[in-house]
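Undergrad: Each chain, letter by letter, is given below.
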Amino acid sequence: AQSVSQHNHHVILSEAASLELGCNYSYGGTVNLFWYVQYPGQHLQLLLKYFSGDPLVKGIKGFEAEFIKSKFSFNLRKPSVQWSDTAEYFCAVFGTGGFKTIFGAGTRLFVKA
Amino acid sequence: EAGVVQSPRYKIIEKKQPVAFWCNPISGHNTLYWYLQNLGQGPELLIRYENEEAVDDSQLPKDRFSAERLKGVDSTLKIQPAELGDSAVYLCASSLGQSGTGELFFGEGSRLTVL
Numbered sequence: 131a132q133s134v135s136q137h138n139h140h141v142i143l144s145e146a147a148s149l150e151l152g153c154n155y156s157y158g159g160t161v162n163l164f165w166y167v168q169y170p171g172q173h174l175q176l177l178l179k180y181f182s183g184d185p186l187v188k189g190i191k192g193f194e195a196e197f198i199k200s201k202f203s204f205n206l207r208k209p210s211v212q213w214s215d216t217a218e219y220f221c222a223v224f225g226t227g228g229f230k231t232i233f234g235a236g237t238r239l240f241v242k243a
Numbered sequence: 123e124a125g126v127v128q129s130p131r132y133k134i135i136e137k138k139q140p141v142a143f144w145c146n147p148i149s150g151h152n153t154l155y156w157y158l159q160n161l162g163q164g165p166e167l168l169i170r171y172e173n174e175e176a177v178d179d180s181q182l183p184k185d186r187f188s189a190e191r192l193k194g195v196d197s198t199l200k201i202q203p204a205e206l207g208d209s210a211v212y213l214c215a216s217s218l219g220q221s222g223t224g225e226l227f228f229g230e231g232s233r234l235t236v237l
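The listed protein sequences correspond, in order, to chains L and S.
When the count follows the numbering used here, it moves up by one through the first sequence with no breaks and lands on 243 for the last residue.
When the count follows the numbering used here, it moves up by one through the second sequence with no breaks and lands on 237 for the last residue.
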């Protein structure tokens, strides 16, 4: 069965600190991978996506993620967080055989000014 | 371009009452999804439509939940009767093309509180 695991439910960082949020998935076939972000009071929106090609993908607002196929991982990174990055981050996996997008439980990030 | 529109944004009802949520997807998006998001959890798929056909409703509790997308555009999700455990955010999303890439465009959600 398809599943997604996010390692941290809550993360607190100071501004300018580096961020890495872990995401591992379970699926036996080809996947498309996503990170979505939900800022306070706003709807879920796409942060970045991986379909194929270069496993290091860059998204909006300085975020990037690396797909490591052998580890079934798609970790999100940002070298220096800002207060405005305070949000909830969801990793999502689309199994191209099952046509279903599965989400992780989310990580709440709070950045202290 | 208008995004996914959902209404109402908030709904408070007493248990055993019916409730309905409406969603209008992005124009041209054939695929429409209803997701359930409980507090502290990620969205969970309830039902997926390809045009007017429900192609995946395996996670929809059919004893009390129903959905329709009669003309293949907007959609309604209904709960009757509502239970306390139904308190959650109901998210609608759409995507371009049949089955597609998995990239979803979400509405703002409808937050349901059942008293």
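Honestly, the hints are just simulated from the structure, not real lab data.
We treat Cβ as the ideally placed atom computed from N, Cα and C, and that holds for glycine.
Hints should not be assumed to be uniformly reliable.
Only part of the chain L face toward chain S is listed, based on derived beta-carbon distances under 7 Å [said to hold, decoys possible]:
(1) Tyr-157
(2) His-173
(3) Thr-216
(4) Phe-224
(5) Thr-231
(6) Gly-234
(7) Ala-235
(8) Gly-236
(9) Phe-240
Estimated spans, in silico, between C-beta atoms of each pair [stated by the list, open to error]:
(10) L/Gly-152 x S/Asn-160: 18 to 28 Å
(11) L/Ala-243 x S/Ala-142: 22 to 32 Å
(12) S/Ile-134 x L/Ala-235: 24 to 34 Å
(13) S/Gly-194 x L/Thr-160: 23 to 33 Å
(14) L/Ser-210 x S/Asp-185: 47 to 57 Å
(15) L/Lys-199 x S/Ala-142: 39 to 49 Å
(16) L/Ser-210 x S/Gly-194: 39 to 49 Å
(17) L/Arg-207 x S/Gly-150: 32 to 42 Å
(18) L/Pro-209 x S/Gly-125: 23 to 33 Å
(19) L/Arg-207 x S/Leu-161: 19 to 29 Å
(20) L/Ser-210 x S/Lys-138: 31 to 41 Å
(21) S/Ile-134 x L/Asn-138: 44 to 54 Å
(22) S/Glu-166 x L/Glu-194: 22 to 32 Å
(23) S/Gly-194 x L/Lys-191: 33 to 43 Å
Residues from chain L that keep clear of chain S, each with C-beta distances beyond 10 Å, as calculated [unchecked claim]:
(24) Asn-138
(25) Val-141
(26) Leu-143
(27) Glu-145
(28) Gly-152
(29) Ser-156
(30) Pro-170
(31) Gly-189
(32) Ile-190
(33) Ile-198
(34) Lys-201
(35) Pro-209
(36) Ala-222
(37) Val-241
Undergrad: Each of the hints needs a verdict: does it hold here or not?
TA: We went through each hint and held it up to the structure:
1. Tyr-157: Violated, about 11 Å.
2. His-173: holds (4 Å)
3. Thr-216: Since the shortest Cβ distance to chain S is 17 Å, the answer is violated.
4. Phe-224: holds (2 Å)
5. Thr-231: Cβ of L/Thr-231 sits 5 Å from chain S, so the hint holds.
6. Gly-234: holds (5 Å)
7. Ala-235: holds (5 Å)
8. Gly-236: Where the cut-off is 7 Å and the nearest Cβ of chain S is about 5 Å from L/Gly-236, the hint holds.
9. Phe-240: Cβ of L/Phe-240 sits 15 Å from chain S, so the hint is violated.
10. L/Gly-152 x S/Asn-160: 18 to 28 Å: Taking Cβ atoms as reference, L/Gly-152 and S/Asn-160 lie about 22 Å apart, which means the hint holds.
11. L/Ala-243 x S/Ala-142: 22 to 32 Å: violated (42 Å)
12. S/Ile-134 x L/Ala-235: 24 to 34 Å: Given range 24 to 34 Å: holds, Cβ gap about 26 Å.
13. S/Gly-194 x L/Thr-160: 23 to 33 Å: holds (28 Å)
14. L/Ser-210 x S/Asp-185: 47 to 57 Å: Holds - the Cβ-Cβ distance for L/Ser-210 and S/Asp-185, about 50 Å, lies within 47 to 57 Å.
15. L/Lys-199 x S/Ala-142: 39 to 49 Å: With a Cβ separation near 43 Å, L/Lys-199 and S/Ala-142 satisfy 39 to 49 Å, so the hint holds.
16. L/Ser-210 x S/Gly-194: 39 to 49 Å: holds (46 Å)
17. L/Arg-207 x S/Gly-150: 32 to 42 Å: The hinted range 32 to 42 Å holds for L/Arg-207 and S/Gly-150, with Cβ atoms some 34 Å apart.
18. L/Pro-209 x S/Gly-125: 23 to 33 Å: Since L/Pro-209 and S/Gly-125 have Cβ atoms about 30 Å apart, the given range 23 to 33 Å holds.
19. L/Arg-207 x S/Leu-161: 19 to 29 Å: Cβ of L/Arg-207 to Cβ of S/Leu-161: about 27 Å, so the range 19 to 29 Å holds.
20. L/Ser-210 x S/Lys-138: 31 to 41 Å: violated (52 Å)
21. S/Ile-134 x L/Asn-138: 44 to 54 Å: Given about 33 Å between the Cβ atoms, the range is violated.
22. S/Glu-166 x L/Glu-194: 22 to 32 Å: At 27 Å between Cβs, range holds.
23. S/Gly-194 x L/Lys-191: 33 to 43 Å: holds (35 Å)
24. Asn-138: Since the minimum Cβ distance to chain S is about 13 Å, L/Asn-138 lies beyond 10 Å and the statement holds.
25. Val-141: holds (14 Å)
26. Leu-143: holds (20 Å)
27. Glu-145: holds (25 Å)
28. Gly-152: Given that every Cβ of chain S is farther than 10 Å from that of L/Gly-152, nearest at about 14 Å, it holds.
29. Ser-156: At about 15 Å from chain S, L/Ser-156 clears the 10 Å cut-off, so the statement holds.
30. Pro-170: holds (13 Å)
31. Gly-189: holds (12 Å)
32. Ile-190: holds (14 Å)
33. Ile-198: holds (19 Å)
34. Lys-201: holds (20 Å)
35. Pro-209: Non-interface label stands for L/Pro-209: nearest chain S Cβ at 25 Å, farther than 10 Å.
36. Ala-222: violated (7 Å)
37. Val-241: holds (20 Å)
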